[in-house]
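J.: Let chain L serve as the given structure and place chain G on it in line with the hints.
Number of protein chains: 2
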Amino acid sequence: MTDSLRTIRVQEALLSKNRSIAERLRRRFQEAGVQAVNLLSSPGSGKTTLLERTLSSLSRNTRAAVIVGDLATDNDGRRLAGKGAPIVQIQTGGICHLDAAMVERALAGLDLPSLDLLFLENVGNLVCPSAYDLGEARRVVLLSVTEGEDKPLKYPSAFRKADLVLITKADIAAAVEFQREAALEGLRRAAPGVPILEVSARTGQGMEAWLGWLESLLRQEAEP
Amino acid sequence: MTDSLRTIRVQEALLSKNRSIAERLRRRFQEAGVQAVNLLSSPGSGKTTLLERTLSSLSRNTRAAVIVGDLATDNDGRRLAGKGAPIVQIQTGGICHLDAAMVERALAGLDLPSLDLLFLENVGNLVCPSAYDLGEARRVVLLSVTEGEDKPLKYPSAFRKADLVLITKADIAAAVEFQREAALEGLRRAAPGVPILEVSARTGQGMEAWLGWLESLLRQEAEP
Numbered sequence: 031m032t033d034s035l036r037t038i039r040v041q042e043a044l045l046s047k048n049r050s051i052a053e054r055l056r057r058r059f060q061e062a063g064v065q066a067v068n069l070l071s072s073p074g075s076g077k078t079t080l081l082e083r084t085l086s087s088l089s090r091n092t093r094a095a096v097i098v099g100d101l102a103t104d105n106d107g108r109r110l111a112g113k114g115a116p117i118v119q120i121q122t123g124g125i126c127h128l129d130a131a132m133v134e135r136a137l138a139g140l141d142l143p144s145l146d147l148l149f150l151e152n153v154g155n156l157v158c159p160s161a162y163d164l165g166e167a168r169r170v171v172l173l174s175v176t177e178g179e180d181k182p183l184k185y186p187s188a189f190r191k192a193d194l195v196l197i198t199k200a201d202i203a204a205a206v207e208f209q210r211e212a213a214l215e216g217l218r219r220a221a222p223g224v225p226i227l228e229v230s231a232r233t234g235q236g237m238e239a240w241l242g243w244l245e246s247l248l249r250q251e252a253e254p
Numbered sequence: 031m032t033d034s035l036r037t038i039r040v041q042e043a044l045l046s047k048n049r050s051i052a053e054r055l056r057r058r059f060q061e062a063g064v065q066a067v068n069l070l071s072s073p074g075s076g077k078t079t080l081l082e083r084t085l086s087s088l089s090r091n092t093r094a095a096v097i098v099g100d101l102a103t104d105n106d107g108r109r110l111a112g113k114g115a116p117i118v119q120i121q122t123g124g125i126c127h128l129d130a131a132m133v134e135r136a137l138a139g140l141d142l143p144s145l146d147l148l149f150l151e152n153v154g155n156l157v158c159p160s161a162y163d164l165g166e167a168r169r170v171v172l173l174s175v176t177e178g179e180d181k182p183l184k185y186p187s188a189f190r191k192a193d194l195v196l197i198t199k200a201d202i203a204a205a206v207e208f209q210r211e212a213a214l215e216g217l218r219r220a221a222p223g224v225p226i227l228e229v230s231a232r233t234g235q236g237m238e239a240w241l242g243w244l245e246s247l248l249r250q251e252a253e254p
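Going down the list, the sequences are from chains L and G. Here the first sequence stands for residues 31 to 254, where the numbers follow our numbering. Here the second sequence stands for residues 31 to 254, where the numbers follow our numbering.
Next comes chain L alone, as it looks inside the complex (with noise of 0.2 Å):
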């Protein structure tokens, strides 16, 4: 067997593994009734800032978490503290995206039944990421507008499966020359029909709909 074959088959285990862990990740959040969202993006794009104003924005009734993955350092989970969510800090050590079996060791620091939002804010990286399912409800990519335009078409992976796109860091949109158009053509080539909301966590452009978004999906949840 060639080594490249032998990768492909370990990493088909591996991914079949993750599958199921996801899917018994998935029955547990539906079980506990919560509603659970991957944040992916690039290492800078805005995860922990979108989560910081996320967090104090959020109404008082909704109960919210963190899993924050991160090569090295507990910078985000730190940042992330003192806003009255429970947060749990992966340290993955090197592994470049979160995976099912971490975030199911991290639940056992969380009552999940005390829960209705489960944010899973990914390692920073456009690529690893979108091939690990973590059972969650949503998917949620950011694209900063730093980042460039054709991003969307150079890490379709990441863009393919997002049930949301953020257009993050709006509010430099003009100092940075980004191409609006530009961006939203490559999105909609990359992710048709996926909706996408432009957001600064800075000056709070965007962020009422980003919160109604995630207050509808908390909607769908208590439905029947």
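Hints in this document: simulated from the structure, not taken from any laboratory. For glycine and all other residues, C-beta sits at the position ideal for the given N, C-alpha and C. Heads up, none of these hints are tricks.
Under 8 Å between C-beta atoms, here's a sample of chain G residues computed to sit facing chain L:
id	residue
1	ARG36
2	VAL40
3	PRO73
4	ALA102
5	GLY124
6	CYS158
7	SER174
8	PRO186
Anything over 10 Å on all C-beta distances counts as not near chain G; from chain L, calculated:
id	residue
9	GLY139
10	LEU145
11	VAL224
12	LEU241
13	GLU245
14	LEU247
T.: Just chain G now, kept in the frame of chain L:
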């Protein structure tokens, strides 16, 4: 054998094979008198824009070429074309990094002895490419001012092996409230002693220093 142990074994075998191809490449580069520079960064940190400006600014005596890796599309290859330098686009088909075998195959498209400088523009990813030696003489890691100051500590593997760090998009540092001292401190901790240049391919800031760094690399080659 557990799945994860099996994965580690296969990864070790792959990395070991990569190392031996990389050594072969390094010898070929040395024999041809070519300095290969591996460029690593997150998606959208400005590798292609930097190379566009670099190719236009290099002295006429310097014969450069670029091998550029992307998951999909030949957008970057097309952007770099028409500047007098041969460009070879690699589409990795979803693989999250370049490896030495891909570079070796791409060399079929280049007349190595006619070159002085070969840029290897890696897939935009701050995790996976760091493990793969491409036979390069130098590794340059880009960190854009939009990515956040703590990236060097959060992605230590990428920065640890850098020979030079370029802080890119310096012209918009103020607009994105870039915390310069925190970023420099993080870099000093993640990559002690590594030189750091602050550049903007848009305004030209720092380009002279970057071109000077490249020229000193070429002079080093020319010496016995």
